[in-house]
Amino acid sequence: MDLSMLWYLVPSVIMLVCGIYGFITRKNLIAILISLELMLNSADLNFVVFNRYLFPGSMDGMVFTLFAIAIAAAETAIAIAIIINIYRSIGNTDITEINKLKY
Amino acid sequence: MDYSQFGSMIPELIVLGIFMLVFLFDTFSNEKGKRILTPLTTILFALGTIAIWIVPASCEEVFGGMYINDNATNAIKAILNVGVFIVFLQSSKWVNSDEVAIRKGEFYELILVTLFGMYLMVSARHFLLFIIGLESASLPLAALVAFNKRHYESHEAAIKYIMTAVFSSAILLVGLSFVYAFSGGSLYFSDIALYIGQGEMSGLLLIALAFVIAGIGFKLSLVPFHLWTADVYEGAPTAITSYLSVISKGSAAFAFFVIFVQCFGAVYSDAWEWMMYAVIIATITVGNLFAIRQKNMKRFMAFSSVSQAGYIMLGAMAVNGLGLASMMFYIFVYVVSNLGAFAVINTIEENTGKLSMDDYNGLHKSNPWLSFAMTLAMFSLAGIPPFAGFFSKILIFTSVTSSNSWALYMLVLIALINTIISLYYYLLVVKAMWISPEEPKIGTFETERCQKVGLWLCVAGIVFFGLVPYIYQYCYDAVQSSLGFLTFFNL
Chain A
1 MDLSMLWYLV
11 PSVIMLVCGI
21 YGFITRKNLI
31 AILISLELML
41 NSADLNFVVF
51 NRYLFPGSMD
61 GMVFTLFAIA
71 IAAAETAIAI
81 AIIINIYRSI
91 GNTDITEINK
101 LKY
Chain B
1 MDYSQFGSMI
11 PELIVLGIFM
21 LVFLFDTFSN
31 EKGKRILTPL
41 TTILFALGTI
51 AIWIVPASCE
61 EVFGGMYIND
71 NATNAIKAIL
81 NVGVFIVFLQ
91 SSKWVNSDEV
101 AIRKGEFYEL
111 ILVTLFGMYL
121 MVSARHFLLF
131 IIGLESASLP
141 LAALVAFNKR
151 HYESHEAAIK
161 YIMTAVFSSA
171 ILLVGLSFVY
181 AFSGGSLYFS
191 DIALYIGQGE
201 MSGLLLIALA
211 FVIAGIGFKL
221 SLVPFHLWTA
231 DVYEGAPTAI
241 TSYLSVISKG
251 SAAFAFFVIF
261 VQCFGAVYSD
271 AWEWMMYAVI
281 IATITVGNLF
291 AIRQKNMKRF
301 MAFSSVSQAG
311 YIMLGAMAVN
321 GLGLASMMFY
331 IFVYVVSNLG
341 AFAVINTIEE
351 NTGKLSMDDY
361 NGLHKSNPWL
371 SFAMTLAMFS
381 LAGIPPFAGF
391 FSKILIFTSV
401 TSSNSWALYM
411 LVLIALINTI
421 ISLYYYLLVV
431 KAMWISPEEP
441 KIGTFETERC
451 QKVGLWLCVA
461 GIVFFGLVPY
471 IYQYCYDAVQ
481 SSLGFLTFFN
491 L
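In order, the protein sequence lines correspond to chains A and B.
Numbering follows our numbering, in which position 54 of the first sequence is assigned residue number 54; successive positions increment by one, without gaps.
Numbering follows our numbering, in which position 247 of the second sequence is assigned residue number 247; successive positions increment by one, without gaps.
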């Protein structure tokens with residue numbers, strides 16, 4: 001079966017929009033982190049799909065995706081470490097209580 | 001693979017070498033040895049900085065053109081290095097305080113790693129290397145922002161920084177994936193420029209460019225993407241705040257210029273001229289207006305640095321060698337002026353714990369030299385004539401108006417009006433220090449020796465950079481001698 005590029009790009013855009021929506025509306029830091037992962041994965045998916053369909057002769061997009069996945073993992077590790085620190089100091093991960101710095 | 005290619009990455013090798021030495025020393029030395037870690041790192045780094053200044057750039061592309069080492073990138077690296085050296089001097093007391101001393105090795109290591117990432121970012125001519133540089137510059141910074149482990153504010157600043165940083169890099173990656181779709185299968189800047197120049201404008205390319213501007217604009221804290229700035233600057237330790245505000249911003253500005261002129265130069269007037277036009281006006285104005293109402297000095301400097309970022313990006317609107325040269329000069333002057341201001345804020349915070357602008361009332365009675373240095377820094381940031389900030393603003397305005405388009409003349413006019421607004425709030429600090437009749441709330445104290453040296457370096461820079469033509473000439477020559485090599489300006 002031959003699927004066109006659109007079959008992959010539309011889910012990718014849906015993932016991106018879900019990620020942005022979750023980033024804005026979620027109140028829990030872990031949920032926000034999951035939304036961020038969705039956005040990063042949507043970018044990775046884009047790269048792979050463009051590479052596979054538009055430029056099947058080269059590997060640039062695929063290699064880029066591999067590096068992007070590694071970087072996303074590093075980002076998650078640091079974010080989790082900071083979330084643990086926050087949890088230790090205020091006892092939960094609710095962003096409505098992380099509001100000391102403003103104005 | 002030809003390993004001799006690594007020999008062309010001299011600045012990176014120097015920073016990596018210092019990093020390895022500091023790391024090994026920090027890991028294997030005993031308690032006694034750790035005491036000399038601060039002077040050791042500072043001296044090593046000073047030597048490295050001098051080496052980067054005097055060793056001429058190899059002027060070649062390596063790894064198939066992914067990485068470039070020419071006079072312009074070498075010059076911006078030397079400028080960043082001077083900034084980091086001053087930050088090291090400034091932080092010498094803080095890293096040896098009881099709370100931080102046990103982790104001071106990590107402080108130096110993380111700073112050197114982020115510096116390495118920024119080097120890759122300014123030298124990259126391929127988006128893969130650029131992204132790796134950008135991320136290795138921004139991720140360790142989150143750890144640095146969270147460095148004050150026992151202070152809740154530090155964690156809050158760090159979580160705000162890391163979340164917005166990841167969000168913006170996700171947006172940047174999505175933008176780059178669309179750019180990739182237009183690029184003919186290659187992520188080299190030069191190849192993308194070729195394909196974009198041949199093809200015609202499309203809506204998707206516009207979206208891609210907007211995403212890329214948003215992603216890099218976050219690093220520069222341009223205005224719609226600046227909301228993290230004030231909170232992170234306030235919560236982070238002051239040494240890190242000064243690092244964030246100058247070094248990270250300077251490298252991102254240079255990388256922005258390279259990407260947008262070299263890669264997307266062909267669609268300058270179609271696509272990103274008006275985007276950047278709006279962003280710069282918003283950045284300068286919003287930064288200024290919000291700075292007026294700040295009472296906390298670190299938040300005040302945060303909004304001041306937002307508006308300064310707008311002035312730096314004016315250089316990118318010029319899209320020529322003059323623009324790049326004056327942007328580099330502006331970054332250099334901004335490094336000394338802003339670090340000078342932060343050095344004063346830092347010493348006062350360390351010695352008395354006071355951060356509010358009201359606490360600075362009558363400062364000249366108790367600490368005349370600190371007030372003097374702060375005054376010079378504020379004059380330079382505001383652009384008052386004999387100081388360096390005036391000349392950097394003049395040069396950047398000249399470069400923008402050199403292309404003779406009325407729209408850019410209007411942009412410079414708006415920037416000029418904003419300079420006058422900025423004069424008001426910079427002088428508020430000066431007024432508090434010198435004119436306010438109140439008795440000083442901050443007692444007399446002796447500044448630590450290293451911090452004094454750093455402060456005097458900044459003051460010397462503020463006074464002499466504008467008057468001595470060598471610095472601007474250095475930037476200009478570096479850009480001119482890289483021009484043929486870079487094939488930037490084939491618009």
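Since the hints were made in silico from the structure, they are not lab data.
Some hints could be false.
To be verified - List of simulated lysine to aspartate or glutamate pairs, EDC-like, C-alpha gap at most 16 Å:
| no. | chain 1 | residue 1 | chain 2 | residue 2 |
| --- | --- | --- | --- | --- |
| 1 | A | Lys27 | A | Glu97 |
| 2 | A | Lys102 | B | Glu439 |
| 3 | B | Lys34 | B | Asp98 |
| 4 | B | Lys104 | B | Glu200 |
| 5 | A | Lys100 | B | Asp358 |
| 6 | B | Lys365 | B | Glu273 |
What the hints assert, rightly or not - Residues from chain B that face chain A, not an exhaustive set, calculated with beta carbons under 8 Å:
| no. | residue |
| --- | --- |
| 7 | Asp2 |
| 8 | Pro39 |
| 9 | Ile43 |
| 10 | Leu44 |
| 11 | Ala46 |
| 12 | Gly48 |
| 13 | Glu135 |
| 14 | His155 |
| 15 | Ala157 |
| 16 | Val174 |
| 17 | Ala181 |
| 18 | Ser186 |
| 19 | Pro224 |
| 20 | Leu227 |
| 21 | Trp228 |
| 22 | Asp231 |
Claimed, not checked - So the derived label-pair ranges between C-beta atoms look like this:
| no. | chain 1 | residue 1 | chain 2 | residue 2 | range |
| --- | --- | --- | --- | --- | --- |
| 23 | B | Phe445 | A | Asp94 | 36 to 42 Å |
| 24 | A | Lys100 | B | Ile292 | 29 to 35 Å |
| 25 | A | Gly57 | B | Glu31 | 57 to 63 Å |
| 26 | B | His151 | A | Gly57 | 49 to 55 Å |
| 27 | B | Gly199 | A | Gly57 | 17 to 23 Å |
| 28 | A | Pro11 | B | Ala101 | 25 to 31 Å |
| 29 | B | Gly7 | A | Tyr21 | 46 to 52 Å |
| 30 | A | Ile80 | B | Gly353 | 40 to 46 Å |
| 31 | B | Asp270 | A | Asp94 | 51 to 57 Å |
The beta-carbon is built from N, C-alpha and C at its ideal position, and this holds for glycine as well.
Status of the hints after comparison with the structure:
1. Lys27(A) <-> Glu97(A): Given pair Lys27(A), Glu97(A) holds - Cα atoms ~10 Å apart, limit 16 Å.
2. Lys102(A) <-> Glu439(B): It is violated: about 30 Å lies between the C-alpha atoms, which goes past 16 Å.
3. Lys34(B) <-> Asp98(B): OK: Lys34(B) and Asp98(B) at ~13 Å, within 16 Å.
4. Lys104(B) <-> Glu200(B): Violated - the C-alpha atoms of Glu200(B) and Lys104(B) are around 53 Å apart, more than 16 Å.
5. Lys100(A) <-> Asp358(B): 21 Å, violated
6. Lys365(B) <-> Glu273(B): The hint is violated at about 49 Å.
7. Asp2: Violated. Min distance 20 Å.
8. Pro39: Violated. Min distance 30 Å.
9. Ile43: The hint is violated - Ile43(B) has no Cβ within 8 Å of chain A, the shortest such distance being about 30 Å.
10. Leu44: Leu44(B) check fails; min Cβ-Cβ to chain A is 27 Å, beyond 8 Å.
11. Ala46: 30 Å, violated
12. Gly48: Result: violated, 26 Å to nearest chain A Cβ.
13. Glu135: 5 Å, holds
14. His155: 5 Å, holds
15. Ala157: With Cβ-Cβ at 6 Å, under 8 Å, it holds.
16. Val174: 4 Å, holds
17. Ala181: 5 Å, holds
18. Ser186: 6 Å, holds
19. Pro224: 14 Å, violated
20. Leu227: 11 Å, violated
21. Trp228: 10 Å, violated
22. Asp231: Holds, because the Cβ-Cβ distance from Asp231(B) to chain A comes to roughly 4 Å (cut-off 8 Å).
23. Phe445(B) <-> Asp94(A): 36 to 42 Å: 41 Å, holds
24. Lys100(A) <-> Ile292(B): 29 to 35 Å: 23 Å Cβ-Cβ, so the 29 to 35 Å window is violated.
25. Gly57(A) <-> Glu31(B): 57 to 63 Å: 59 Å, holds
26. His151(B) <-> Gly57(A): 49 to 55 Å: Given range 49 to 55 Å: holds, Cβ gap about 54 Å.
27. Gly199(B) <-> Gly57(A): 17 to 23 Å: Since the Cβ atoms of Gly199(B) and Gly57(A) sit about 19 Å apart, the hinted range of 17 to 23 Å holds.
28. Pro11(A) <-> Ala101(B): 25 to 31 Å: The hint (25 to 31 Å, Cβ to Cβ) is violated, given that Pro11(A) and Ala101(B) are roughly 51 Å apart.
29. Gly7(B) <-> Tyr21(A): 46 to 52 Å: At 49 Å between Cβs, range holds.
30. Ile80(A) <-> Gly353(B): 40 to 46 Å: At roughly 32 Å between Cβ atoms, Gly353(B) and Ile80(A) fall outside 40 to 46 Å, so the hint is violated.
31. Asp270(B) <-> Asp94(A): 51 to 57 Å: 45 Å, violated
Violated hints for the displayed structure, listed by number in ascending order: 2, 4, 5, 6, 7, 8, 9, 10, 11, 12, 19, 20, 21, 24, 28, 30 and 31.
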